[in-house]
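Student: Take a look at the letters that make up each chain.
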Amino acid sequence: MSTREVFTDRLQAGVLLLPTMVVSLVFLYYPTVRAVGLSLYRASLARGDVFVGLENYRRLASSSEYLRSVLISVLFAACVVVGVMAVALCVSFLIHEIDVGKGVYLVAVIWPYALPPAVAGLVFLFIAHPNIGIFTSYIEAFGVDVNWFSNGPQAFVVVLIAAVWKQVGYNVIFMTAALGNVPESLTETAELDGVSRTRRLLRVYVPIISPTLVFLVIMNTIYGFFGTFAMVDLMTKGGPAGATNILIYDLYRTAFQFYEFGFASAKSVVLFVAVGLLMYGQFRLSDRYAYYGG
Amino acid sequence: MGGTNGETLQGLVDQFQSETDINANLVFQDSYEGVLTNTLSALDSGEVPDVFQIDSLFAQQVLDTDAVEPVENLLSDNYPVDDFLSNVTSFFTIDDTLTSMPFNNSNAILYYNRSAFKEAGLDPDSPPTTLEEVRSYSQTLVDEGVTEAGLTWPNHVWFVEHFYSVDGQTLLDAENGHAGQPTTMQTDNSTARSLYEWWHEMADNGLFSNPGIEAWGEATSTFLTGKAAMLMTSTASVTGIRSGAEENGFEVDNAFYPTIDGDRTGPVIGGASWFVPSGLPQERQDDIGSFLEFMGRPESQITWHKGTGYYPIRQSAVEQLENDGWFAENPMYRTAFDQLTQAESTPATKRMLIGPARQVQTTIQDMSVELFSGDVSVDEGLSELKSAVEDELDRYYS
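Quick note, the sequences are listed as chains A and B, same order.
In case it helps, the UniProt record's numbering puts the first sequence at residues 1 to 294.
In case it helps, the UniProt record's numbering puts the second sequence at residues 1 to 398.
Some hints could be false.
Now the stretches of chain A that chain B is said to cover, found in silico as 3 or more residues with beta-carbon under 8 angstroms [to be verified]:
#1 8-15
#2 160-173
#3 199-207
#4 254-268
With a straight-line cut-off of 27 angstroms between C-alpha atoms, the simulated DSSO-like cross-links for lysine-lysine are [said to hold, decoys possible]:
#5 B:K118 - A:K237
#6 A:K237 - B:K386
#7 B:K306 - B:K386
#8 B:K386 - B:K350
#9 B:K350 - B:K306
Away from chain A, derived, C-beta distances all over 12 angstroms, residues of chain B [what the hints assert, rightly or not]:
#10 S373
#11 D375
#12 V378
Simulated from the structure, these hints should not be mistaken for lab results.
For every residue, glycine included, the Cβ atom is placed at its ideal position computed from N, Cα and C.
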């Protein structure tokens with residue numbers, strides 16, 4: 001009997017799998033199939049659906065607005081992944097290195113992660129609001145004109161900072177755990193060999209915790225594409241002038257503000273396929289570079 | 001409807017229930033957009049409420065479902081529809097039929113901080129009336145160091161609609177959609193050019209404080225906290241702004257919406273109306289009819305007006321308020337109303353009535369940001385705006 005075969009009774013296995021199967025079918029697979037179907041229609045609420053074939057996809061391919069949204073999303077997700085991981089790695093390393101007050105620092109860093117995205121978005125909005133923000137006047141004292149309701153690049157940066165701030169905690173949890181698992185002997189050897197702190201982090205720790213980092217790259221990518229919706233919605237509504245109009249927000253707007261469900265479905269299918277391909281690529285890369293022992 | 005306005009509405013509904021023994025249940029949604037989404041999905045699924053309140057901006061979108069009953073069919077034969085202000089009912093009357101029951105109606109006015117005006121050496125009894133005056137007043141206020149900015153208002157399409165209608169210019173062809181399906185936005189005129197050149201100049205010189213897209217609350221707080229000395233917003237905010245100004249220790253007043261260059265046609269109406277789904281049993285229709293008649297009667301209109309600032313929409317309610325001396329004591333409540341009744345009724349003062357209202361609204365608001373922040377030149381921005389609106393209209397009506 002192989003180790004995998006815990007249940008000899010197919011019926012029993014089936015019953016145990018049923019809840020998961022039902023939830024997946026009803027809330028994941030069925031909507032996916034519906035979305036693919038709907039993307040071939042011109043569908044809007046209470047006005048009847050008209051079959052239009054690939055028209056919605058054609059419209060997407062020829063829309064410069066959509067293309068811009070794609071570029072912004074990719075850039076945004078890339079900045080989120082790099083920003084979050086760079087900050088989280090530094091913070092985790094510092095927490096790993098100090099002896100006193102580890103717990104306090106950990107709690108402080110993880111705190112923003114505990115906020116629901118909508119709350120985080122609102123909090124950040126009122127921290128950085130151009131007119132009534134808490135920190136705005138201090139930042140303006142440095143000669144920066146806080147004007148991200150009108151200035152696109154500024155808005156992009158503000159939403160990016162909010163997104164990074166929110167996600168760092170999640171990364172720190174995993175990174176400190178991974179750093180805690182690095183054998184003490186390695187650290188001692190490195191110290192005896194006179195390896196500097198930064199080199200120890202980058203050359204010794206990072207390769208050893210690479211499986212965790214790969215996992216985080218993937219989670220942060222998903223977060224960058226999908227999880228930052230609430231912040232965009234609450235802070236910039238995709239603006240100004242589309243500067244923060246990431247795909248997931250664009251999709252929401254098409255569906256739930258413009259009621260163009262067919263077109264929105266086409267957008268969601270494209271987003272699904274694109275992020276799926278990206279994941280696949282990341283897994284392939286990680287197989288090559290991550291260190292899984294042995 | 002929320003806050004004090006929501007409480008006033010609940011009070012009216014309670015009164016209706018105790019007078020008629022008809023059970024009425026008020027369900028609040030977060031925003032006009034929220035009501036629209038829920039109503040359209042309800043119509044789609046067939047599980048509809050008896051009455052729903054829809055922002056006038058989205059009226060056509062609801063009518064396009066072909067699932068609503070003209071309210072005129074529900075009102076009793078002798079109900080005095082003539083007593084309603086014609087400036088208001090004309091928007092809600094389509095093909096000579098009153099399709100929905102106007103209730104909370106408003107227009108946009110200019111609020112200003114009298115104390116700040118005095119401090120800057122401006123006469124608080126003669127507020128600015130044109131774009132140029134608004135600009136020079138703002139400049140003085142900023143130069144004198146009284147406020148950080150001169151003027152603020154939420155970036156909502158309603159204000160662009162106001163500038164157009166005050167200038168007597170329709171925003172869309174086909175009389176803003178009241179005379180057929182429009183195909184384009186009218187940007188090739190002095191209204192659009194003057195508006196956006198001015199807006200850009202105001203933003204460029206730091207005289208306009210941008211609260212953000214559809215940021216009604218932020219605009220009001222920018223004004224109430226004294227960062228800007230002038231605010232353009234709905235008359236429906238008059239109660240809140242009056243008490244807010246008192247809390248912040250300044251004297252507030254309001255005036256007509258500024259004109260582009262001195263010529264004034266009139267404002268567009270704003271606010272919402274009650275719609276009724278079609279196909280309800282006769283008994284329910286009778287009850288709904290009584291409800292609408294109750295909400296439209298002069299006493300209810302007076303309660304509603306005093307509690308909120310939305311203007312009364314029945315002639316007899318207005319007369320009674322006059323006789324009671326209400327307007328004399330509360331001149332700030334009268335501004336929007338005067339602005340409405342002194343207006344000529346032209347195609348320009350009938351707000352746009354189109355199916356893809358949300359798309360066109362978003363397009364105009366987004367493009368306005370690019371225009372006033374100077375990302376594009378006025379000519380370039382206006383032609384981009386025009387073709388983007390054309391695309392939306394074409395897509396919906398094709």
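Student: Next step is simple, just say for each hint if it's right about the structure.
Tutor: Checked hints:
1. 8-15: Answer violated; 0 residues pass the 8 angstroms Cβ test.
2. 160-173: violated (count 0)
3. 199-207: Coverage by chain B is violated for the segment 199-207 of chain A (0 residues, Cβ < 8 angstroms).
4. 254-268: holds (count 4)
5. B:K118 - A:K237: 38 angstroms, violated
6. A:K237 - B:K386: 22 angstroms, holds
7. B:K306 - B:K386: 41 angstroms, violated
8. B:K386 - B:K350: Within the cut-off at roughly 20 angstroms; holds.
9. B:K350 - B:K306: With Cα atoms ~26 angstroms apart, B:K350 and B:K306 stay inside 27 angstroms; holds.
10. S373: Since the minimum Cβ distance to chain A is about 4 angstroms, B:S373 lies within 12 angstroms and the statement is violated.
11. D375: 6 angstroms, violated
12. V378: It holds; B:V378 is separated from chain A by about 15 angstroms at its closest Cβ, greater than 12 angstroms.
When each numbered hint is compared with the structure, violations occur for hints 1, 2, 3, 5, 7, 10 and 11.
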